[in-house]
Structures are given as C-alpha cells and as structure tokens.
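Number of protein chains: 4
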Amino acid sequence: MCRWLAYSGSPVLLEELLYRPKHSLIVQSLHSQLGAEETNGDGFGVGWYGEADTPAVFHSIEPAWNDRNLRDLARHIRSGVVFAHIRASTGSPVQQTNCHPFRHGRWLWMHNGLIGDFLRVKRDLVLQVDPSLYPDMEGTTDSEVLFHLALTYGLEDDPPTAVERAIGLVEAVGEKHGVDHAMQGTMATTNGESLWAFRYSSEGKSRSLFYSTDVRTLKAQHPDNPVLHELSDESRMVVSEPCGALAGAWNEVPESSYGVVQEGQDELRPFTPRRPNGARPSGTGTKAPA
Amino acid sequence: MCRWLAYSGSPVLLEELLYRPKHSLIVQSLHSQLGAEETNGDGFGVGWYGEADTPAVFHSIEPAWNDRNLRDLARHIRSGVVFAHIRASTGSPVQQTNCHPFRHGRWLWMHNGLIGDFLRVKRDLVLQVDPSLYPDMEGTTDSEVLFHLALTYGLEDDPPTAVERAIGLVEAVGEKHGVDHAMQGTMATTNGESLWAFRYSSEGKSRSLFYSTDVRTLKAQHPDNPVLHELSDESRMVVSEPCGALAGAWNEVPESSYGVVQEGQDELRPFTPRRPNGARPSGTGTKAPA
Amino acid sequence: MCRWLAYSGSPVLLEELLYRPKHSLIVQSLHSQLGAEETNGDGFGVGWYGEADTPAVFHSIEPAWNDRNLRDLARHIRSGVVFAHIRASTGSPVQQTNCHPFRHGRWLWMHNGLIGDFLRVKRDLVLQVDPSLYPDMEGTTDSEVLFHLALTYGLEDDPPTAVERAIGLVEAVGEKHGVDHAMQGTMATTNGESLWAFRYSSEGKSRSLFYSTDVRTLKAQHPDNPVLHELSDESRMVVSEPCGALAGAWNEVPESSYGVVQEGQDELRPFTPRRPNGARPSGTGTKAPA
Amino acid sequence: MCRWLAYSGSPVLLEELLYRPKHSLIVQSLHSQLGAEETNGDGFGVGWYGEADTPAVFHSIEPAWNDRNLRDLARHIRSGVVFAHIRASTGSPVQQTNCHPFRHGRWLWMHNGLIGDFLRVKRDLVLQVDPSLYPDMEGTTDSEVLFHLALTYGLEDDPPTAVERAIGLVEAVGEKHGVDHAMQGTMATTNGESLWAFRYSSEGKSRSLFYSTDVRTLKAQHPDNPVLHELSDESRMVVSEPCGALAGAWNEVPESSYGVVQEGQDELRPFTPRRPNGARPSGTGTKAPA
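Just so you know, the sequences run in chain order A, B, C and D. Following the numbering used here, the numbering of the first sequence begins with 1 at its first residue and continues without gaps. Following the numbering used here, the numbering of the second sequence begins with 1 at its first residue and continues without gaps. Following the numbering used here, the numbering of the third sequence begins with 1 at its first residue and continues without gaps. Following the numbering used here, the numbering of the fourth sequence begins with 1 at its first residue and continues without gaps.
Source of the hints: derived by calculation from the structure; they are not laboratory data. Owing to the predicted nature of the structure, the values given are computational and were not obtained by experimental measurement. Where hints are given, some of them may not hold.
[Stated by the list, open to error] Result set (PhoX-like, lysine-lysine): computed pairs, CA atoms no more than 25 Å apart in a straight line: (1) C:Lys22 x C:Lys176; (2) C:Lys122 x C:Lys205; (3) A:Lys122 x A:Lys176; (4) A:Lys122 x B:Lys205; (5) B:Lys22 x B:Lys122; (6) D:Lys205 x C:Lys122.
[Unchecked claim] Sample of chain D residues lacking proximity to chain B, with all beta carbon distances greater than 12 Å (derived): (7) Gly9; (8) Glu15; (9) Ala74; (10) Gln96; (11) Asp130.
Note that the Cβ used here is the ideal one computed from N, Cα and C, for glycine as well.
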C-alpha cells in the first residue's frame, strides 16, 4: 500500500515535514513500520498551496528516498497546507499519473489502501463517474476513481457525505460482483482551507491513521521544545504512522470515523458508507468509533 | 503525431531496421520530414517476436535518439517481425503505458494520428469496449482505445473488418458529438505471422504511409546491393515515411486502403469504415484507391 | 548545444519567464531558431534563490516541453534570480548530474557550447581542479569541469578573472593536444546578487547571446505594456536567443565580452582568456567588442 | 550496498535466472536477507553475451521489482553468460552510468561493497587509471574506478593479478589518507568465456558470496528435478546470496579468495592484494581460505 501525511497550520518548509522527523515519511519510504508493505518505493507525490489559484503537485516515479529534486524543493517551499504520499503499488503501473495526491481544481486527494478486486469492478465504478469528470482520470489507480466518484457525489460541497456515498457505491458494486472486502483504506482531502481524513474498511480492520495532539496541549506538556513554539495553535498533522517521537503527540483515529481539521474546533465523527439507494447499510464494517 | 515502422521477413537485427538507414526511425525522432510534428521525442516503443509465446515490448519515456538501452538491445535482438514507434504526444501524458506498440496476447498494434476531439468522445467509445477487455487498457491514448475496439470487433479473426467497424464506430460517435474529422491516421497490427497496415482519415487527407517494393524486384534493379541479398523474397517494410534512399524502394499506400503482408501474395485493398448499424457510409473519406 | 536564460530583478513567477513569452525557452526546447541544434530535448534544469541559504536546483532528464512538474512548479515559485537551461547533449549521457545549472554553495553556473575534443583534454583539465573541489564533480560534462576550474581560479572572489583563467587553461591545454577550436560558448554565473554572462569562442564565432534593454527605456518606449510596469528598473534578462517580440527589447552581447548585472550600473566589458603563465594571449578570438 | 548474480553455462532465458527462483534477485531487490541493506532499489543492470561482438548491457534507474521492460526482456533473451546487479546506493547518484555491470570491450564488471571514504581517495585513485582509459569513466561510483584500475593493471590478460594490484592500490592510497577499512566487497568479471569472482575486504569481514554446487553432483542428489537436467554439466552460478532453496546447492566462497568458472575444472584460490611496490602486504585481511 502506501503511507501519507497531511498538514494544516502555520506555513512550514516541506523539509520540516518530510525530512526532519526521526521516523519521517522519507524514512518510511524505505522502512515503514505499520504499513502493509515495508518498502514504499513506487513513486511519490507532494501537493501544496502556494502562489497559484490551484495547488501545486509534484509527482515522481522514483523512490522518495533518493530523489534529489524533492530534497531541494523541500528546502525552498513553504506552505500552510501540505499533502505528501509515498506509494507501494498493488499492481498498477508506476507512472506519474498514478502518483498521489490527485488534484481537481482547488482540491487534493490521497489514499492508502485499495478497492478489493479492482479490475473486476472498475468498469462499473467508472460508469458512475460524472461524464464531465470522466476525461480527467489520467491514471489507472483505484484511488483516482474513488476521488472522481467522491467529486461526482459532491465532494466540493459536503466532503463527508460525498465520501460516504462513494464508498457506499464501492461496497454495493463489490457485493454485486461477490467481492469479499470491497473497501480498505485511509483517505485525505482538502480544499486548502479545511482538511478531512477518513479511516474505513469493509471488514472493520482499517489501515492505521493518527492525528497529532492539539498544539496548545503539547506546548504545555513540553514547554522547552522550540519547534512547538513556532507552530500556531491551529497546526495539525494526520499521518499513516507517527513520524516523530514526542511523547503524547499522536492519537489513533478510531475505526470507521473521520476527522475535520478546520478553523475553529476540529472534529472527529463516525463514518458510515451510504449505499446508492440512499440507505445506510447495516452490518460489518460500520461500527461507530468509541 | 508519431512515426512508425513495421517489418516482416527474414530475421534481422533491430539495429538494421532502426539505426542503419540514412533517414532511420531514430533520425526521424529528431527530424521527421513528413510527420505532422518534426520532433517525435515523447517516448518510443519496440515490439518483436522472440522466445516467448507472446511478443516482447520495450517502452521508454525518453526520446529514442538518446536512449542507450535501445541502442544496445538493437545490436543483440534479431526478429522476423518487428514494430517500432516514436511518439509525439497530442496531449496525453508521456508514460510507458501510452507508448506503442500495444499488445494483447500475440497481437501488436500501433497508430499514428488521432481520434478527433478525443476527450469529448472517449467515454462513449470506451463503453463499447468489451467489458472483459476493459481492465486491460492501462494508458490514456486514443490509440489504445482504438485497439481495444478493434479487439472487441474481432481483430483476432478478421482484422480488416474489425478495424473497419472500430473506425466506423469512431465516426458515428464523432458525428453524434459534432466532431468534424473523427478519425485520422495510419495503423498497423500483426499476430506475428501476417501484418496489416491501414491508411484512413475521415477527411480523406491521411497521414503518409509507404510500403517497400517487392524484394525480388529490388534485387533485379540493384544486383550489386549486398543488403538486399540477405533478405528473403518475402521481406517487407511498411513505414510512415521512407527511411532509406534506395531508388524505387518505396511506394505510397493509397488513401483509404489497407495492405496485408502475408505468406504468399501480399495484398492492397480499399478500406471503408463500417458504421455500427452495419451499413457502410457514403461520402467523404471513403473513396477507394486508384 | 543548449539554450539558456538568466534573470535578475523583481521577484517573478518562473512561469512568466519560462512559459509566457511567445518564443519562450520551453518553445525553444522544441524549436530553437538560433541554436546549433533545433531540438534541445536532452534534459533541462532550473535554479533559483529562495528560502534556503543556497539556491534550489531542479533537474530533469525529460524534455522540458512535456515536463508536468516544471509546469506546476513554475506556477508556484517566485524568485528574483533565476537560471534556466535546456540541453542538447553533444555526447555525454542524459542524466540529472549533467543538467545545468550546476551549483556550488551560493553559486550557480550554466553553459551553452563546448570544450573542443573534450575527451582528449578532459584528464589534463580535471587535474587542474583544486583537489578539495574534485569530488564535487558528479557528472561528465565539459561545462561542469569548466565551472570547477573557474571555482579553482577564484570565481567566488573575482568571476571575470576566474573565468578568463579557466578558459585560458582550456585553450592552453587544447593547444598542447592540437585541438583546433578549444573553447566555444556562452556562460552565466551568479551568487544570487550579481550576475555575470560571458560570450567567447577560440575561433571568434561564438554562440549567440542577448541582453534585455534597460527597463526604464522600455517603459518609456512602450508606455501601455502592463507587464513592463510590474518590473523593477533593475530587472534584466540575458538569453541565448530573444524570447519575446517586444521591439527594441534585445541587444546582442558582442563577441569576446562579458556583462555584469548588478546593483547600480550594469556593465559590458571585453573578455580575454588568461593563459596559465599569466600572459594574455594574442591573436584570434580575443578582439574586444566595439 | 548491492546484490548480484553471475551465470555461466547452458544458454538460459534471463527469466529463469532473475524471476523463477523462490528467493530470486528480483525478490532480493525488495527483501535482501544477507545484504548490508534490505532494499536494493537504486537502479539495476543486466549484461549478457548475444549477437554482437561486445556484450549487451541494460541499465535502469528504476527499482528492479517494478520494471516492466526487464520482465519482458527476461522472457525473450537467452544467453550462456549473464551478469545481473541490483543497487543500493551508498551516496552516489542514481543514474544509468552508475548502474552495474560496467563494460569495456568484451569485458563486464560488477561489484558489491565499497571503497572506504571514497570521496577522500577518489582523485588519487583516478590519477592511476591509464590516461587512455580515463575518458571511458562516465559515472561516479567507486566500482567503476576499481574496474578501470583493474583494466589499467592488465585485467584483460590476467584478471586475478590485475584485481590484486587494483585493490592493493586502494589499500595503499587508503592507508596514506588514514582510511580504516579501505576495501570491502565482492566482485565479478568475465570476458564471455571464463568468469572470475572475488571476495575480499581489508578488515577480513567481507560481504557474503556463494557459488553453486557442480551440476553433476546436484543431478545425482536430485534425480527428479527437471530444471537441473536442462543444465549442462558446466553450468555455474555465483551470487551474493543463495537464490533458491535446493538442498546442497550453495557453497560459501571463503574470505580472501577468488573462483574461476572456466572450461575444464573450475578453481578456488586465495586472494591477496598486491601493493604498488610489488610487495604483498602482511597483516589483516589477507588470511588465506581454509
């Protein structure tokens, strides 16, 4: 699978996010500890909000750990909203159009996990993508199709509902094709202002996902840590696996839930896929977080 | 657009086909004379029949003119059926899955040209691809969709009819969407035994296509040319533009026609797209060759 | 050879420099008009000054014209000193370590042209590079060796003298080996504050080089051009070939001369290689500009 | 470091060597068990003898595990002498010119390990390379310099002595610069007829190296194994780590020794570096194998 990192807060150099932490995302590209695969060397991508109306994305088919351009860019690019993703392909080709984050207008999307038996259900899913969005899909990943389903279902207006409907469709189509575990993964999306992160799998055993503790709390707990004091109180990270060793800094996102990082109070809520008929399914994989 | 070369005959080193001629395909990658674009530097591909049941393909996103691997492989690979293609993208990404030739089982396919307004008609075309073939499409080119339409319509049994039906569909769908010139191009396909080459465009102004003169004739005309005497009488090349300077060696494939290179007598026949309803269209672009 | 662009002035988006002009550097990568080669598709590089102490460089082995990362970065990176270079290899491999601009500490360097018969003289030249700088050479180009010779001769203290000594050495070593035209090219170097551009060839027929007219003059001549009014009076470009169509905007750098773009008055001065013995050579290739 | 495989014997498909074994080299690119690094994802290379006078090499900067071209080539290329190498960079750039095997005329060379403190001793070593060979070095690895030192010392006439002299120089120069462990590694070289494999390190703790048991013995031990019966009695593999699970198939090459795979009786002999003054050194790292 993959590993990813989402950041929202005080503008920081990409270097601080990607290289500085002891168990940074770049280190994870060679040695992930919680991922389904230890090595995530099948390309990577970074997205950030900067000068232009739409976010920038930088995609590479080389492993992140030896990419010199990434190292250089990371020392010079500063942004308040950053997505970064390292890929371990589950079969689809290693090409830039399969690198996350994906972009649509002001929106970014990334995903760790998979749609079960994707090649079997792909056509049925793609048919549900809005025809006007159809030509925008340039790669061959399940993640990109999921993004365009969410866009079809109104991601830009109501992200949680759109993702619930997209995954509800994935489960309905999977069921039709006899797929056992239709959906697996963690996903993040942002419009450059708020950030949504989802953790869900049809079998109720989702890939790991963590969010950072409120910076105010951390500052109180670690009054001598200078890095913390450079961060605004609103700064927050969501990651596939903890990438620093600061005690008390990381909290697991519960199964079947999603979080919103936004101006004001952040939120953590239950996530329940919505089937195409509008009904919420009952049964496996939908237990609410404690 | 692109440039391509198809060879069938005595087994030859790829080097003889790709590098030796004065105006070779590799030279054309930098300086095409007849192409819509002079530079064809957006990746390339070579396909050939060798040890395995299915043909080999080698795809690269680098320009052919400076690819050291191609140069080395060309000195060591010998085959009796070779396809080679250099790409000038008309918009779709430069990635290996967009490099020709495309492969399905024992079949290879390559194309120079384009489906008009492809992003507008793509979804309608893709929907006609046999669902069992659908997941095999890994890239984003019109050429790969065209190949899978032809496969859907029976390419493996009757190539000319399958291609006529595929292009008939392209024209019908284009018409529905108000596309002016739905189809443009030259195409080649092979199963490793026979080779079919097509020249057709909806507006009747197709990309150039040439076939080599019968080797027996060339041997009689050039009794002192040693290269010719290494070739079997059955050897034949079909190319986007002539790649050698031998007098009398190249003949233009007429508008709206296709050729078959096969055991026994090669053939040159008229090509007429077949619309989905089975009717042959009347009007522009379907005039038979003289 | 290659084409390059150097900019110093008001911070601008790379996009304005690289993509906006009618005959932009990106266009030149496919269709150069004044270059020794029309196509400059063997990789490219961009260097700029930003957040870190040392400038950023972004190198790619793909042709610039189809690099999506460059297009995205260009929309988000703003800098007051930018170097950009598109490469047409004269034989050395297409790899990132052969892409310009080269960097040493705060210095950038790029070059269009060649050291004559480089493989014959390379060892003798490399031996003159300061041993402490020797391991920094990572590629195989003449341009990188030239840069390290200039660094050896004090580029960081007195660029014109260092370059005169470096090229004097190239000519002396070339003479020893019987090379006809030892040096050919245009070069640019910067420390992020001032910018030096050189035009010189041993035979007195140097690659083209142009500098932009003083912005104050252009503003007076084109009072209605809004782009000009965004530029500070100090803004200046030096380029291999003019990349815009503004009347009166471009002036040729004379043979055997160099220019300095700096705070205060820019300068244009004669350039004369200095042989290792300290003497200035007499004869061809050293005529002063009018 | 890296992992490598050398094969000499009955012509086999690359696929049999690279993909078929349970713990194949391709598997090792993701999960090496005996290597200094578990992941060997910094490019790879394959060399083989085929149609041309000189061997073919195929180099790629992508990880071997996801390279589609390699997979296709492996199904179609058959050779009696094959070198394959997967790289884990110890700092030098990931570029094709740093991929093994290196080639000179009919000779191939590959190396797993390193020259200690290479950047400190590189210049002194390079100066000892024959000036006529100097321009052939295109990359920046210690391995390529070692190859050219061995060529300088007569590799083509007497490989063991040439390698002993090359490594003797490395140790002498390392000593001068105060390098603790000047040499580490296993190396293989071939002219397409015989094959030499070396295991040596200055500290006497060399990277692992194994050779396959005589095919006659294996056939007697495993009379029912069909793969063995396709192999000629002369077939032999030398590998960084065993890549199959056949009992009794693999034997460790002792410390400080080298083997020769050749027509007639293969040999295993002690390896002792020769210092530049011609004397054999005494002391650590030179103990003969039991």
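Checking against the hints above, which ones are violated? 1, 4, 5, 6, 8, 9 and 10
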